[in-house]
Every structure is written in structure tokens, then in C-alpha cells.
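Peer 1: Each chain, letter by letter, is given below.
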Amino acid sequence: MVRGEWGRDPLLPRAFSILRTVDGGCELLVKAIGRGTRLFELAQPGAPLSVLGPLGKPFAAPEPGRTDLLVAGGVGLAPLLWHAEVAAKTSCATPMHLFYGARTHEDLVLLDDIARTGVMQHLATEDGSRGLHGRVTIALEQHLATKSDRAGTTILTCGPNAMMRAVVDIARKYEVPCLVSVEGEMACGIGACLGCALPLTDGSRPFAYACVDGPVFDAARVVIP
Amino acid sequence: MVRGEWGRDPLLPRAFSILRTVDGGCELLVKAIGRGTRLFELAQPGAPLSVLGPLGKPFAAPEPGRTDLLVAGGVGLAPLLWHAEVAAKTSCATPMHLFYGARTHEDLVLLDDIARTGVMQHLATEDGSRGLHGRVTIALEQHLATKSDRAGTTILTCGPNAMMRAVVDIARKYEVPCLVSVEGEMACGIGACLGCALPLTDGSRPFAYACVDGPVFDAARVVIP
Amino acid sequence: MSEPAERLAVRFAGLDCVSPIWTASGTFGYGQEFAPYLDLSDLGGICTKGISPKPRGGNPLPRICETASGMINSIGLENVGVEGFREKKLPFLKASGTRVVVNFFGETFDDYVACGAALDAMDGVHALEMNVSCPNIKKGGVEYGTDPAVLQDLVRQCRAVTKKPLIIKLTPNCTDIVALARASMEGGADGLSVINTISAMAIDARRRRPRIATTFGGLSGPAIKPIALRMVYQVHRALPDVPISGIGGIATGEDVAEFLLAGATTVQVGTQSFAEPHAARRIHGELVQFMRDEKISDVRELIGGLQGGR
Amino acid sequence: MSEPAERLAVRFAGLDCVSPIWTASGTFGYGQEFAPYLDLSDLGGICTKGISPKPRGGNPLPRICETASGMINSIGLENVGVEGFREKKLPFLKASGTRVVVNFFGETFDDYVACGAALDAMDGVHALEMNVSCPNIKKGGVEYGTDPAVLQDLVRQCRAVTKKPLIIKLTPNCTDIVALARASMEGGADGLSVINTISAMAIDARRRRPRIATTFGGLSGPAIKPIALRMVYQVHRALPDVPISGIGGIATGEDVAEFLLAGATTVQVGTQSFAEPHAARRIHGELVQFMRDEKISDVRELIGGLQGGR
Ligand SMILES: Cc1cc2nc3c(=O)[nH]c(=O)nc-3n(C[C@H](O)[C@H](O)[C@H](O)COP(=O)(O)OP(=O)(O)OC[C@H]3O[C@@H](n4cnc5c(N)ncnc54)[C@H](O)[C@@H]3O)c2cc1C
Ligand SMILES: Cc1cc2nc3c(=O)[nH]c(=O)nc-3n(C[C@H](O)[C@H](O)[C@H](O)COP(=O)(O)OP(=O)(O)OC[C@H]3O[C@@H](n4cnc5c(N)ncnc54)[C@H](O)[C@@H]3O)c2cc1C
Ligand SMILES: Cc1cc2nc3c(=O)[nH]c(=O)nc-3n(C[C@H](O)[C@H](O)[C@H](O)COP(=O)(O)O)c2cc1C
Ligand SMILES: Cc1cc2nc3c(=O)[nH]c(=O)nc-3n(C[C@H](O)[C@H](O)[C@H](O)COP(=O)(O)O)c2cc1C
Ligand code: FES
Ligand code: FES
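So the protein lines, in turn, are chains A, B, C and D. Under the working numbering, the first residue of the first sequence is numbered 1, with each subsequent residue one higher. Under the working numbering, the first residue of the second sequence is numbered 226, with each subsequent residue one higher. Under the working numbering, the first residue of the third sequence is numbered 451, with each subsequent residue one higher. Under the working numbering, the first residue of the fourth sequence is numbered 761, with each subsequent residue one higher.
Calculated directly from the structure, the hints in this document are not laboratory data. Be aware that one or more of the hints could be misleading.
[As the list claims (entries may be wrong)] Below, in silico cross-link-like pairs of lysine-lysine (BS3-like), each with a Cα-Cα straight-line distance of 25 Å or less:
{"id": "1", "chain 1": "D", "residue 1": "K848", "chain 2": "A", "residue 2": "K57"}
{"id": "2", "chain 1": "A", "residue 1": "K57", "chain 2": "A", "residue 2": "K89"}
{"id": "3", "chain 1": "C", "residue 1": "K538", "chain 2": "B", "residue 2": "K282"}
{"id": "4", "chain 1": "C", "residue 1": "K613", "chain 2": "C", "residue 2": "K544"}
{"id": "5", "chain 1": "C", "residue 1": "K504", "chain 2": "C", "residue 2": "K538"}
{"id": "6", "chain 1": "A", "residue 1": "K31", "chain 2": "A", "residue 2": "K57"}
Only chain A is shown next, with the shape it has when bound in the complex (with noise of 0.2 Å):
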């Protein structure tokens, strides 16, 4: 949870991913959409910004044997390359897949970062700008499809929750097992405030939490909001 020095409006922090660690500190990548997040872009190099974290748990570690396919919608990029990363450097030599979808190829960052870890990037945007034309489950499935043996093959995907939702019933289909980084309004971070509760697909309550249970979660165990 990351919050400036902004006095009392806005008044909660933002929650956001570590796109990678650097001496010390670590490195966000964060999307103006809103108050909070432009406040981000109009700081002054070297502004103190507060910082609570990490939070919550993030996902498995790569494991040899493992292949796994990321599938990041927007700056949900940023946990799946850290995963990647994280990959590269251990050299846990396990291929690796990256869909990355986009509405136009201006909101595909990073691609020089992505290259570096050596994934394999199926790119997609929305307006055809770059890579296929149409939405990034679109690449995931035709790969799916032509894959013969899905054994070991995992989906880790983070984005935008309706975006999930379609990379959840992908995941259904071909049975492949599938971790989900959910969105959703965080206030506290910490499991105090219980406005980030997620239902549970057997039903069960009381309910799980974004910030410490998650954000990611198996898809087979949560309902993404």
C-alpha cells in the first residue's frame, strides 16, 4: 500500500504490485486512472512517498517441471514479470509463455524488460496496433488448442477482473490449473478494514481476503468480484 504526502484527500493508500526490487527499495509500475495515481505522476523526483509492505502472498514461485503461461491485462503486467524475472535469474529453465494484452500498443510497456527474461510473448491489443487484433484470451486459447499435452502447464494470470474472469472459464476448459491476482478496492491492506472480502466457491464465509489471504488466489477457490 503506497501513499504520498497528500494530507487528507485522497485518504487512503493505493495498493499496487512490486514490479522488482532494487537496492533498498523497489520499483512500481503504476497507471494514472485516477486522483491518487495522477498525485503519483505529478511528484517531484526524490518526494517521500510512505510504504507499507509487502502484503499478502504472492504467486508460487516458478518450479521446475512447471510451464507456465502469464496472462497480464495492463499494468497487471507487473507481478507476472517479476515472475518472469524471478524465473530468468534462478534460470529455472522451464518455458515460460507471456500473454499481454492491451486496448492500443502505447499501453504495452516494457517490452524490452519482457524480451530480456526470455519468455515467449504472444502480444495482443485491442485496435490491432500490435501483435493480434482482439483481446489477449483470444491468443491464450489458440495456444491452448494446439497443445497436446497441457500436463504441468499452469496459467498465472493478473489484469482486470473481467479479463480474469474469461482466462478462469479458458482455464475450465481445457482443465488446466489457473492462479488468479484479484482486483478490487483495498483500504487497509492489513485484514482490518474487510472491504476487500472475497465469496469462496463453496460458499463458505466468513470470506477471504485480498490483502492477506491474496491477492492471488486458485481460481477454482474464490469468486473474482
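Based on the hints, put chains B, C and D with the ligands in the right spot on chain A.
Peer 2: Leaving out everything else, chains B, C and D with the ligands in the frame of chain A:
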């Protein structure tokens, strides 16, 4: 009235005196005392500000034959330095005295600019770290007491209201006309909110409004709040 | 031929307004103060500073203070009085080409009725907005407008003296805003303004004193928007046919859309006009942009258009 | 020898507290969530998440949204239930060395009484705080706490089942907070918490939907501080001997001083703990600094110390 790109908090613009105009813009002298002024301090050079003004009525321009005693407390210096600079520029050859007081020597600013105007300076600090040890009103009273002919002498004062009340008392005692630039909360600056109403000394109502009828008033006319 | 522009006109309690955006009483002076900053004829209406039968000097200083995303005021209903208004303020408003809604009040029932009758007789006054948030001296400082029975009686008496659209401006300092809305309509009102300021207080801890000379004042600004929106929606849901003018913390075109969706037919820009005198103009532009983005050709499509509300 | 340090201890309705700073119900979990960020034994007290006789799952998403200097929540009183609390949450709190104030509620009178009785029997629970802002299902969603007669009856029934300090947390959604305060005290309460959240609403104009799944939620944060402060002062002025715990938008040490001056004996830090989990610690430090600056050796000098209030 000046406002930064603050969003919704602080909500209202802040009132400032124009220190001087510089091609197309103006300079302000700002003391960081609260949330709004501290945000000015933090702002990046070039950060956009919205400015509404000039508003209200300034000190009466210097005239030949008048001897102006300028009495400034803290950032109350701004409109008085403007006055002195105008006098210097129009080479209006009247003798002018500036009585300038602050808590400590660090709060006495722009001394070079003051020197350049050619006014006679009388500095005072409450802690004695520069100039007379004590309140600026003591310096003013000493000066008036030694002057036998006070015809044409006019006091122009801007500073904390408490200081200005003392100045007005002295002006009354020595029967010297006095112009005050009153301080006070302002919301709109254009006579709409009625927040800056000042009672008139003759008890009449409706009040005068500091933002449109002032902030400079004949001290005999208004009650300093 | 080009596409027709977005249509902003609305009809509120018999008043034809070029736009749903009015300016709120006490925050727009008598109009003239703002003429340098915007074209008043683009406004759907102007609610004047509250007028009483006699001129009033108002409260001692300090009268205003800032709070988180808001401000408190206790101006004390300072105004030029109904005669002063007619002589000094009305001619300008009449010429301005906008709807003139005169906010009025009194200290007693008789005051209200006298003021209402005087305004009814004035050419160029298009509607009356009754401010019932005034402390009733006789009842120990309780506001007239918090008791449905008292309110209904007051509305009925004023209704009797005017044929002009009579709008009641409800106070939010209540348990049940719907009861006050019903009482007003049963008393014969033509529409409702929702809401006035919320009773509040601020303290200077170092000086150990209230920041407002009268201790209590009215809270306004973006801070109160969520409360105002709730009350507009509650009233609209209970009384869907009643025209509502939504007020409270409106600062953007999207805020206007929110109030219209909640059920308001018009809105009033208040405190924001202090922050920027041209606020209503900017907000107008943002509303048009919002309609373009959302492909809304007629602003009336928005009114009461909230989906999924409970 | 050095000067004695500032004295922060206060006594509230029989509870000895090391500081006037408590944390507010629903904003501090069951305490444990915050243990990494501050020393709980420095707190004057912790008000737990509201407990009901049976565990509750709460409301659908979205449950929270941000507003100007505030937020709206509609968590739906999700909690572990009174038994779950005793088993899973109380042991930690007991060991934490702070005063444990258990916030509780029910859907019916019987629920309230059952919950109160169960908590009365629990060792390690120092006081009970009754949340009366819950919509009464039978009365069509009206809050229990808005009707003085209903409230007094409810307090009396709970009073009968507990000897522990019983604090009533008043709702601000009312015309007359003093009437509710009086009714609570006449029902046998030992103290009052003022205020709970203010009913509010937010709309997503583009999606034309409420931003909170249940449409209405409770507004909290700095936005409401001026309203909370007003209500604390009104209650204190009317009932000067009643201990009040002041709540609403507290974010700085100076805010604490303001509530104490208005008449509160303790205060509760709420939403600010979401913005910074160590908020109560920072605020504690700022209060001490304020006392030093103002040469106040005992915090109790501040309580009710407002001058010039009307
Ligand atoms: C676990 C997690 C990780 C995230 N990681 C990143 C990241 O690495 N990079 C990044 O740019 N963003 C990330 N986000 C999203 C980020 O938190 C939001 O973009 C940010 O909170 C928006 O703040 P704002 O003040 O700019 O927008 P606001 O002005 O608060 O809101 C603008 C609009 O966005 C919606 N919105 C606000 N917060 C969220 C949210 N948390 N999720 C979805 N919609 C929201 C609002 O409803 C509103 O419609 C993450 C969110 C979560 C929950
Ligand atoms: C006509 C006029 C001209 C001014 N010219 C200058 C100038 O040239 N340079 C300059 O630095 N300042 C000037 N001021 C004062 C300036 O407006 C305040 O310092 C500023 O508004 C404080 O804003 P803030 O957000 O920093 O403080 P806040 O956080 O709003 O307040 C901090 C403290 O200061 C008090 N305060 C706030 N506003 C005022 C005010 N307007 N007058 C007195 N006390 C106030 C508050 O009550 C509070 O105790 C002028 C004021 C007026 C009315
Ligand atoms: C300084 C000031 C003066 C006001 N005077 C009046 C008034 O005379 N009559 C009235 O009905 N409302 C008055 N109001 C209330 C506003 O019209 C409006 O209802 C309220 O401020 C909420 O809207 P806002 O949050 O947009 O300001 C006043 C508000 C302010 C801030
Ligand atoms: C997310 C959230 C949950 C809350 N839950 C409860 C609750 O269970 N019981 C209760 O009495 N008050 C509850 N409250 C109200 C707070 O205790 C407090 O009265 C209110 O938020 C005002 O204080 P603040 O502005 O400092 O947050 C809750 C508030 C929030 C924001
Ligand atoms: S964000 Fe507060 S509980 Fe998860
Ligand atoms: S500042 Fe608003 S009337 Fe003067």
C-alpha cells in the same frame, strides 16, 4: 487569491499581497504557516497555480508632501515594500520610513530590496537578534515622539492584527492618519461569501468587506478584528 | 448537417431552465459579483443570498473556517432585506437573462409570510426558495425545518401568499429527510432543494476557542457530498414525482451527473464558487463532455437513472 | 531530577486507561492485525469489531469506496460471533495489556441482551460498547438508535444483564443527539461514544450504479470531524458529567485535543488506522508534543476546557 492544483483539500484559495509585478506575472512573499502555504513550499518550480486578482483596494499611492511611515510585521512587509518600490520608481521624493519587526532576525527578509528603495529602515526583533530589542511599535513610538512637526505624516501598516491595533492606538495618540491592511479569513475574495465582513467604527451596518472594500482601510473607519 | 448538440434544458416545478445547473444561495452573492467570470444567462438559475423582511447585519467574526474538503460558515444570514433587494439587486438579475430564484427566510412565521408575499409581487422573480434552516428563537434555537408538523404549517402559510413556484430547502440535520419532504409537499410546495449545510463546529486547540464566533456553523463542500446524495436519493425514491434540486459539494460535471442519477432535476453549485468564481462554467463544460463520452443527447435521460439501487 | 513527563492517564466510566486514545470499532480488527505496527499496551483501549451472537458473513462487494477526505463502508457487520470471539480473539487481547472494549449488536432486542450477557461473563472484557446504528429489520430499516424511547428500553434491557461499564455508541443520523444521549443515560448507561458513521451514498456516474453494493453505507474520516465535534460538544454541554468517547475523523494530536476540549474524556482513532496502521502511535506522540508546547502537564486539564463556546 491563489490556489494550487490541490484537488479538494485544502478547498479554498489563499489571500496574498502582490510583492511586485514582473513581466506578465507577479511575485508573492509567502510564509509557510499552515497546510496551504506548506503545499506552495513543496510545489515544483513551474507548478501551475490559479491566481485570481488583483482584488480589492491597495494603499493610497505615495504623494509629494506626504511623509509615509510604513509599519510592517512579518510578511505584512509585502504590500509596504511594493509601496516603497513604487515611490522609488516614480522618484516621488518624499521621505519614507520603514519600521519592520519580526520575532527573530531570520524572519526579517528582503533587506537588500528594502535598502535599494532608499527608505529609512528601523528594524526590531522580539528576541533582540537584530535591530531594536522589542516590538516594532516601540520603534514607531520613539520616532513619532521625537518629531515635532507631524503634518503630512501618514502611517501605513500591515501585519498581525494585534500589532496593527497597537499601531492604530499610537496613531491616535499622536493624531496621525493611519491606513491599515487588515488580516482575516477569506473564502472568495470577491464579496460573495461575506466571510470577511468588518464592523465599522460608527456602528453602522452592513459591514465593509475586506476583500472588495479593503484590505486597506482608514483605521478610523473599521474595527480591526 | 452536423449532429444536434447535447440538450441541457430541463423543466423544474414549472420553470424552464436552459441547464440543470443553478448556483446555490449564499454562495453566489446577488449574481453581479460573478458576472466578470461567467455568462449568467448560461446558468439554469441563480438562487440569491437569503432575503429577510428587514436588512440584517449578520454574525460577528470569525464567520468562516476551512475543514477537511469543506468549510463551516456562520454568516448569520446577512442580507439587504426584501426592499433593498428589489431596489438594488433585482434590476441586474432581471437583465441577466437567467431564472431568478429568491431564497428567503424569517425569524417568525409572520416574517416568512411577509417576505413571501413581498417577493410574490415582484416582477422578475421567477421562483421562491424557502430556507427553513433558521434557528427558531422561540423554540430555543431548534431549526424551523426539523419538525414535519411545523414545517407543513409554515409551507402552507407561505403557499397561500404566492402563486410563484415555491421550493422548500430542506435541512439535513434530521433523522428522517423523507418525512420533511412529505410534509413540505403536503403543505403545498412545488419542489424541494436538498440539502442545506450540516450543523458543525471547529475548535482552535491552542487558543481553546471555537473557530467560529457563534460556535456552531454550517458545513458545506465536497466533504458533505455523500450525505447530500444519499438524501436526494431517499427523497426521490419515496416521492418520485417531486422535482428536486440537488445540493452539496458539487465540484465537477460528474458530480452533477451523480445528483441527476440519484433523482435531482436540477443541481446547485455552492461552495465551489468560492474556490473558483467560474466554477459553474467549468462544471457546465464538464457535464457536456460527460454526456458526449457517454453518448447522452438529452440531460433528462440521466434524471433518476440510477440502476441497481436499493 | 528531570521534570515529570506529561500525564496521559484518564478514568472513563470506571475504566482506568493509560491514555485517552482508544481505537475505534471496525477500524482496528481484533487488535492483532495491528500488533506489528504499534505497542497495544500504549493504547487507552481497543474497541473490537462489532460482535453479534452468531458469526456473520457481511455484505456483498463492493463494500468500501473513497470520498472527499473520507470513505463510505458497508461491511455489514461481518464478525466471528460471540463464541468465536471468546475462543479465537480474546486470548490475544487479554495478553495485550490494554483495555478491551467489546463493541456488540444484534438484529433484535433479544440478540442484544444475549450478546451483552455472554460478554458480561467473559474474563478479560473490560467494558461493553453497544452499537445501536444497526438497521432494525422489523421497523423497515430504521436504526434502533434513532428513537429515544426505543433506545432507552434497549439500554435498560442490556443494563440488566451486565455489571461491566456499558457504553452506548450514538448514531449521528438524528435531529437531536442530546435526546439520544439523555435516553441512554436514563436507561442506565455508564458512558457514550459519539459518533458512529453518517449514512451516505456514492454513485459511479459512468456505470450508473451505486459504488457500494448495498447502496447506502456509513461515511467516516476527516470529512465528518466537524459534525462529530459539534455533537460531542452538544452532549457535553447538556450532560456535563457524562463520560464521552469522541469519535470522527481524528487524524492528529491536535484533533484529539479538540475533542477533549469539546468535552470528551477519551477519543477513538478510526479510519485513519487504514491510512497508516501506526496512526494511533503517531497521534499519541503528537498529543504529547502538543501538551509540551502548551505547557499542559495533565491531559485531564483539556477535558471540557473550551472557552467562549455558546
Ligand atoms: C493487489 C493490487 C495490486 C495492484 N497493482 C497495481 C500496479 O502494480 N500498478 C497499477 O498501476 N495499479 C495497480 N493496482 C490498481 C491500483 O491500486 C489502482 O489503480 C489505484 O488504487 C487507483 O487509484 P486512483 O486514486 O488513481 O484512482 P481513484 O480515483 O481512486 O479511482 C479511479 C477509478 O478506478 C477505480 N479503482 C480504484 N481503486 C481500484 C482498485 N484497487 N482496483 C480496481 N479499480 C479501482 C475506482 O472505482 C474509479 O472508478 C493494484 C490493485 C490491487 C488491488
Ligand atoms: C489581504 C491579505 C493579504 C495577505 N498577504 C499575505 C502575503 O503577502 N504573504 C503571506 O505569507 N501571507 C499573506 N496573508 C496571509 C495568508 O493568507 C495566510 O497565511 C494563509 O491563508 C494561510 O494558509 P495556510 O493554508 O498555510 O494556513 P491554514 O492551515 O489555513 O491556517 C493556519 C493558521 O493560520 C490561521 N489563518 C489562516 N488564514 C489566515 C488569514 N487569512 N489570516 C490570518 N490567519 C489566518 C488559521 O486560523 C490557522 O490558525 C494575507 C492575508 C490577507 C487576508
Ligand atoms: C457562506 C455560505 C452562505 C450560505 N447562505 C445561505 C443562505 O442564505 N440561504 C440558504 O438557504 N443557504 C445558504 N447556504 C447553503 C448553500 O446554499 C448550500 O445549500 C450548501 O452550502 C451546500 O452546498 P455546497 O456544499 O455546494 O456549498 C450558504 C452556504 C455558504 C457556504
Ligand atoms: C470499515 C469500518 C467498519 C466499522 N465497523 C463498526 C462496527 O462494527 N461497530 C461500530 O460501532 N462502529 C463501526 N465503525 C464506525 C467507527 O468505529 C467510527 O465510529 C467511525 O468510523 C467514525 O470515526 P472515523 O471517522 O475516525 O473513522 C466502522 C467504521 C469503518 C470505517
Ligand atoms: S484491504 Fe482491508 S481487509 Fe483487506
Ligand atoms: S472573502 Fe468572501 S466576501 Fe470577502
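Peer 1: Run every hint past the structure and note whether it holds.
Peer 2: Hint by hint, here is what the structure shows:
no. : hint               : in the structure
1   : D:K848 with A:K57  : holds (23 Å)
2   : A:K57 with A:K89   : holds (20 Å)
3   : C:K538 with B:K282 : holds (23 Å)
4   : C:K613 with C:K544 : holds (19 Å)
5   : C:K504 with C:K538 : holds (14 Å)
6   : A:K31 with A:K57   : holds (22 Å)
Hint check: no violations occur; every hint is consistent with the structure.
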